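Student: Single-letter residue listing:
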Amino acid sequence: MSREKGYTKQNFLKGLFIENPLFISVLGTCPALATTKSIEAAIGMGILFTIVLICSNTLISLLRKLIPEEIRTPSYIVVIATFVTIVKMLTNAFLPELYSTLGVFISLIVVNCIVLGRAEAFASKNNVFDSFIDGIGMGVGYTMALCIMAFFREFLGTGGFAFGNIFTFIPYFKLQIIPKGYEISLFTTPVGAFIVFGLILAVMAFYKNRKAEYQAFLQRKERQRKAEEAKAKAAALAAHKPVEEAK
Amino acid sequence: MNILITFILGIISSMLIDNVVLSRFYGICPFLGVSKKVKSALGMGIAVVFVIVLATLICWPLYNFILVPAKIQFLDTVAYILVIASLVQLVGLFIKKYSPSLYKTLGIYLPLITTNCAVLGVAQGNTDQALDFLSSLANGIGTSVGFLVIIVVFSCIRVRLESANTPKAFKGLPIALITAAIMAMAFMGLQGLFSGINV
Amino acid sequence: MSQTGYLILGISILVALLIIFVVSFVLYRRTPVPKGCENIKISEENCAGCTHSECSFYKKKEESEE
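Chains as they are written, first to last, in numbering that gives the first Met the number 0: chain C, 0 to 246; chain Y, 0 to 198; chain V, 0 to 65.
Simulated from the structure, these hints should not be mistaken for lab results. Hints may contain errors.
Calculated cross-link-like contacts (lysine to any residue; reagent style SDA-like; alpha-carbon spacing at most 25 Å) [stated by the list, open to error]:
1) K167(Y) x T7(C)
2) K170(Y) x N19(C)
3) K38(Y) x I177(Y)
4) K225(C) x A237(C)
5) K96(Y) x G42(Y)
6) K210(C) x K167(Y)
7) K64(C) x G4(V)
8) K240(C) x E221(C)
9) K95(Y) x T30(V)
10) K103(Y) x R29(V)
11) K170(Y) x T7(C)
12) K64(C) x T7(C)
13) K124(C) x Y27(V)
14) K124(C) x V139(C)
15) K207(C) x N19(C)
16) K207(C) x G32(Y)
17) K124(C) x R63(C)
18) K170(Y) x Y206(C)
19) K207(C) x L172(Y)
20) K207(C) x I177(Y)
21) K167(Y) x I53(C)
Quick caveat: nothing in here was measured; it's all calculated off a predicted structure.
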């Protein structure tokens, strides 16, 4: 097997940063806006999503030689829907609070573009281990992105962080940072979701622009240096010639 | 008469008060992706209305007359996604074969509807809230027409935004999302519109 | 109808749905694109969010739309 060293690590990390499904590819936005009222809900959604993504990636990669080319998409949809149903039933049985908080959005993992997209773009072409790692990377990247959004929304909207509401197996505690009465409850409403997501995307675009500008600056400098070199060479040549002629 | 009023109120409330995109967050992907031009937004919206209404008409009887007596309610998500996907393919097939002019306007959006959260969200929401048939239909019509209205309005704003002098970092999606936030704020004002009406 | 009968009916309907989906999917893919619609996607992708009002194609498009 001829593969680069550290490919697995790269494969894992690309889901977190370079190809982050939410902030870079802007996929799976529906749950990202709907389930990020609190960090707990975001973590719960992220975990369920990651489980579905890992399972579907692995199974599809296992079956990739059995599924005929023509009916790929239908079979992927059925596989994903099956895993979502399993995850939904398990959540209902063991974490009923999470089930009632996320509601219909657990079922909506079926139509999440990321799961289907990863199945078509990655799992159908790569071996089982790589697909598994890709699933973990993308799932963790998505969970991280959800948590970043939920962090801002919960912090600004309620003035602190509450734990134990949804994951009832940990004791309830609330961390109040902004004093009561000074929080901006707008951020827990849909309006806040759109604003936070828009601002995060703007920050990403800002850094991307700056990087691109820096690259362009470096290139320009390099070109200038080359031009100057060529000029100096030409000047040296021109200066040299008369001397030769004078001889 | 009472039924009719409930039906109409149901349509209006799921269309405006509980708007599908701005307060329930279904279908954000096409809302952001296919709203750069008014024409394409209109095409997408009409296709979504068509598919959602048909899917509601099929999914409700499927759940209540077949899955419930057979005691396999847990298969609802699988059944719904199968109904929606085959509906989309059948409608697409029909359009592709018999109506090139309709295909020109709707053709490229139809396959995208399978992965539109709004369709599955409506079917699943009707089941989870245990709505009766008429309320389900009202929810389906209201949601889909609400989606059509909001995506067309949003695309009209976005066409103007393209030529507006926004900061470089906000160009494209970020400013669109901020615009959506302001629209959501406007729609929040409609909450409690029917609070005084008893049906 | 008995419980088993309903169960068989339900499962057979689900299987039928699956078959309808697969068949319609394959048929949709095999149906040729109608005439005049071959390159909708290209212009849609290239020019939908185009902001260059100096572009000649953009101007032509605007005129044809009005």
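Student: Give a verdict on every hint.
Tutor: Taking the hints in turn, this is what the structure says about them:
Note on K167(Y) and T7(C): the hinted pairing is violated, with a Cα-Cα distance of about 36 Å set against a maximum of 25 Å. With a C-alpha separation of about 20 Å, the suggested pairing of K170(Y) with N19(C) holds against the 25 Å cut-off. Simply put, K38(Y) and I177(Y) have alpha-carbon atoms about 22 Å apart, close enough for the 25 Å limit, and the pair holds. Of the pairs offered as hints, the one joining K225(C) and A237(C) holds, with about 18 Å between alpha carbons and a cut-off of 25 Å not exceeded.
For a cut-off of 25 Å, the pair hint linking K96(Y) to G42(Y) stands: about 18 Å separates their Cα positions. The suggested pairing of K210(C) with K167(Y) holds, with an alpha-carbon distance near 13 Å, which does not exceed 25 Å. The hinted pair formed by K64(C) and G4(V) fails the criterion: a straight-line CA distance of about 36 Å is larger than 25 Å. A hinted pair counts as satisfied when its Cα atoms are at most 25 Å apart, and K240(C) with E221(C) does not qualify at roughly 28 Å.
Proximity of K95(Y) to T30(V) is assessed by CA-CA distance (about 7 Å); at most 25 Å being required, the pair is judged to hold. Of the pairs offered as hints, the one joining K103(Y) and R29(V) holds, with about 18 Å between alpha carbons and a cut-off of 25 Å not exceeded. Among the hinted pairs, K170(Y) with T7(C) is inconsistent with the structure: their alpha-carbon atoms are about 35 Å apart, more than 25 Å. The suggested pairing of K64(C) with T7(C) holds, with an alpha-carbon distance near 22 Å, which does not exceed 25 Å.
With a CA separation close to 24 Å, the supplied pair K124(C) and Y27(V) stays within the 25 Å bound. Taken as a hint, the K124(C) and V139(C) pair is honoured in the structure, with Cα atoms around 21 Å apart against an allowance of 25 Å. With a C-alpha separation of about 14 Å, the suggested pairing of K207(C) with N19(C) holds against the 25 Å cut-off. For the hint pairing K207(C) with G32(Y), the CA-to-CA distance comes to about 21 Å; that is within 25 Å, so the pair holds.
Of the supplied pair hints, the one linking K124(C) and R63(C) holds, its CA atoms being roughly 7 Å apart against a limit of 25 Å. Among the hinted pairs, K170(Y) with Y206(C) is consistent with the structure: their alpha-carbon atoms are about 13 Å apart, no more than 25 Å. Proximity of K207(C) to L172(Y) is assessed by CA-CA distance (about 14 Å); at most 25 Å being required, the pair is judged to hold. At most 25 Å may separate the alpha-carbon atoms for a hinted pair to count; K207(C) and I177(Y) meet this at roughly 19 Å.
A threshold of 25 Å between alpha carbons decides the hint, and for K167(Y) with I53(C) the separation of about 37 Å lies outside it, so the pair is violated.
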